[in-house]
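Those protein sequences? They're chains F and P, same order as listed.
According to numbering that gives the first Met the number 0, the stretch in the first sequence is residues 0 to 421, in order.
According to numbering that gives the first Met the number 0, the stretch in the second sequence is residues 0 to 421, in order.
Some hints could be false.
No distinction is drawn between identical chains; accordingly, a pair holds when it is met within one copy or between any pair of copies.
To be verified - In silico DMTMM-like links for lysine to aspartate or glutamate, alpha-carbon gap of 20 angstroms or less:
| no. | residue 1 | residue 2 |
| --- | --- | --- |
| 1 | K227 | E275 |
| 2 | K197 | D378 |
| 3 | K154 | D416 |
| 4 | K60 | D332 |
| 5 | K227 | D378 |
| 6 | K197 | E247 |
| 7 | K296 | D52 |
| 8 | K197 | E220 |
| 9 | K154 | D328 |
| 10 | K154 | E59 |
Hints were generated in silico from the structure; no laboratory data involved.
Protein chains: 2
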Amino acid sequence: MNAESDLRQYATQTAYRARRASRQLACATGEQKNRWLRRSAELLRTRGQEILDANARDLEKAPEFGLTSAAIDRLRLTDNRLASIAAALEQIAMLPDPVGETIDSHVRPNGLVVSRIRVPLGVIFFIYESRPNVTVDAAALCVKSGNAVILRGGKEAFHSNRALHTVLTDALGDVGLPADAVQFVETTDRAAVGHFLKLNGLIDVTIPRGGRSLIERVTAEATMPVIKHFDGICHVYVDRAADPQMAERIVINSKCQRPGVCNAAECLLVHQEIAERFLPQIAAALQDQGVELRCCKRALPLVPGGKPATEADFRTEFLDLILSVKVVDDLEDAIHHINEFGSHHTDAIVTSDLRAARQFTTAVDSSAVHVNASTRFNDGGEFGLGAEIGISTDKFHARGPCGLRELTSYKFVVYGDGHVRT
Amino acid sequence: MNAESDLRQYATQTAYRARRASRQLACATGEQKNRWLRRSAELLRTRGQEILDANARDLEKAPEFGLTSAAIDRLRLTDNRLASIAAALEQIAMLPDPVGETIDSHVRPNGLVVSRIRVPLGVIFFIYESRPNVTVDAAALCVKSGNAVILRGGKEAFHSNRALHTVLTDALGDVGLPADAVQFVETTDRAAVGHFLKLNGLIDVTIPRGGRSLIERVTAEATMPVIKHFDGICHVYVDRAADPQMAERIVINSKCQRPGVCNAAECLLVHQEIAERFLPQIAAALQDQGVELRCCKRALPLVPGGKPATEADFRTEFLDLILSVKVVDDLEDAIHHINEFGSHHTDAIVTSDLRAARQFTTAVDSSAVHVNASTRFNDGGEFGLGAEIGISTDKFHARGPCGLRELTSYKFVVYGDGHVRT
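With the rest of the complex left out, here is chain F:
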């Protein structure tokens, strides 16, 4: 399958089958979908060797793809990792079914009952570069929310993903759900993705999960809506009315607990009135953790060992033990900086002043705005969504962590008794 026309036909047929399966899934009961989740978990346990063998083939090829040893470790499956993947399926089975939920309902003066009922989106095209467990997580979230999914994983994990997909579709057959509810793109040809992205009549939404270049390519080419996850340039603002011990704890946690992820802090803002006292203290604590500090002109004299920051530093997602530092005039200045230089992902204020907290949460235009809590909490699990397929940096449709509910739409269901309009 290499010629463009073959790829186009393959994409179209795959999407047609997904569309047909999605109609059946939309009417499936929660119990049926949960049976599939539990049956998949069972098969992952009993057929582990089959998956580990496939994984071994990927690991063998890893050096060809130039994977680092860290990347190879992420690619590797073990009995323990398979057990966690299976356990995650059982946890998703325990979440409430979002489909069919009455979002709101009211009786109109003429007696019509108008309700908004939660329904699946339809067909989801999921493109990912990540570890093989994402194959299972994504399929589970999509099917539980009543959607058919087309999975397109990275070439490095091709055999592992295919083996996991086989188990998932076998389980679909076992519980009487359509096998086409979860399809796997059987070619690693990059051109295939382009054909899927043209099918806006058949695919309802595309979700890319990976690096910036993947997301930019998908956004540029897609003819259907895309749920995007761009940079996390997250801030902690330490207000004049902050408890300095609490501020230190939150800054250290936001920056250092896991510096390579999107909800780690990249910039510290400090109110000018407390800068002289607070900055030397927090700078020493951060430097103890190995953090390099890039400081604005006002901050620099207060940070021994600090480096001068460029404007570009304030627009950079370091994903590393580097933090930009800026002294701000006041709360308004902090809000303005965050809205102009940040990426609308996660931003925190540390303050004991209620008015400042209210103003910060109202005016900062980010997917999550935290008061006296680390930026690291912006996460589907921490927010109680149960599981997430990604974190949206869009405002349209879904924002922040995307769980089951964010993979749904709604319809108006209207009951009358012969009502006509006059």
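Please arrange chain P on chain F, whose structure you already have, making use of the hints.
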């Protein structure tokens, strides 16, 4: 302003101003926004002559644009029409403010309070071809939901729209809201739209309201999300268990009450078991109203004066006194036909069978699914949304009538007490 570079600069500066105004609007209180709505209504009443004079200039030019007399009538403003426009503003002032609403909130086991709070989308680019009253309605809905709006009206109503816009911005100044909250594209050059559609960093959503070609152009060119309103190919399915009198009333109302609008029925489906009895009765009633009937092979012998339907007829939005008619095997066949031939807009079943109603509302994939009620009810006003900026045929973000709530997003607001992640 004609050179491409001038248009590009104009679009960018307009969008920048809108972005800045949107930040202020996001923090405006409901009372401020309502004062603007009431002040605008007042100015529309006291400065009516200014608007009627501008309207007269458009009416004078109407023959040049080749407008039909019906279109000229829609373009015409009168004292009465201005009074209704003003009254609509006062009604929107009475609706609850969607901004700041707590959508849901819960306390996590660690004590974090995680809430989803409704926030504006930001900047809306609204492109419309319709009557001048839409200028005022759209501005009112956007600003009440906390969004800045850039209005791009049709050339036929340019002077009327500009005069209305002047009144709206004067009122913004009177109540202390930023004048850039409502901007009006001061050129009728078609190329200007293309430049706005490239500004996905500044404009959050584009809403086109007009014919199919406008919507297709906008969808193809836009780099930001679009709320679309495509065809309404709406069905009434008369089930085996339908009350024939009720069915007749609903079919007649769905087709004839206002045949030129999107929620009028275009296709009648009848269960085979009742076709022989019901079809001659409803056919006569429809023909009495001047409706032309285009029938499938099984329906044709039961409809004296009916014409044979082509497959294309079942995919056509007639917007006229024409109805396609098809006899279906059963409920499943009706659902299948609607999902494959319809446009996912509005579809109704007439039945007294609870199981049939449940199955129809679950399986029909449309923005509104009606049981024993005319398709004509799919409308923001009839559904109790207060007012609507359009009806979305998308599933993503908003579906069906779009009122104030559908012009919003949300953010997560998280309150902790020094919480860090471990």
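Outcome of the hint check:
1. K227 to E275: neither (40 angstroms within a copy, 54 angstroms between copies)
2. K197 to D378: neither (31 angstroms within a copy, 31 angstroms between copies)
3. K154 to D416: Answer is neither; intra-copy 56 angstroms and inter-copy 44 angstroms both fail.
4. K60 to D332: For K60 and D332, neither the intra-copy (52 angstroms) nor the inter-copy (50 angstroms) Cα distance is at most 20 angstroms.
5. K227 to D378: within (15 angstroms within a copy, 31 angstroms between copies)
6. K197 to E247: Intra 49 angstroms, inter 43 angstroms, cutoff 20 angstroms: neither.
7. K296 to D52: Intra 57 angstroms, inter 58 angstroms, cutoff 20 angstroms: neither.
8. K197 to E220: both (8 angstroms within a copy, 15 angstroms between copies)
9. K154 to D328: Neither way: K154 and D328 sit 50 angstroms apart in one copy and 47 angstroms across, limit 20 angstroms.
10. K154 to E59: Result: close within a single copy only, 13 angstroms intra versus 65 angstroms inter.
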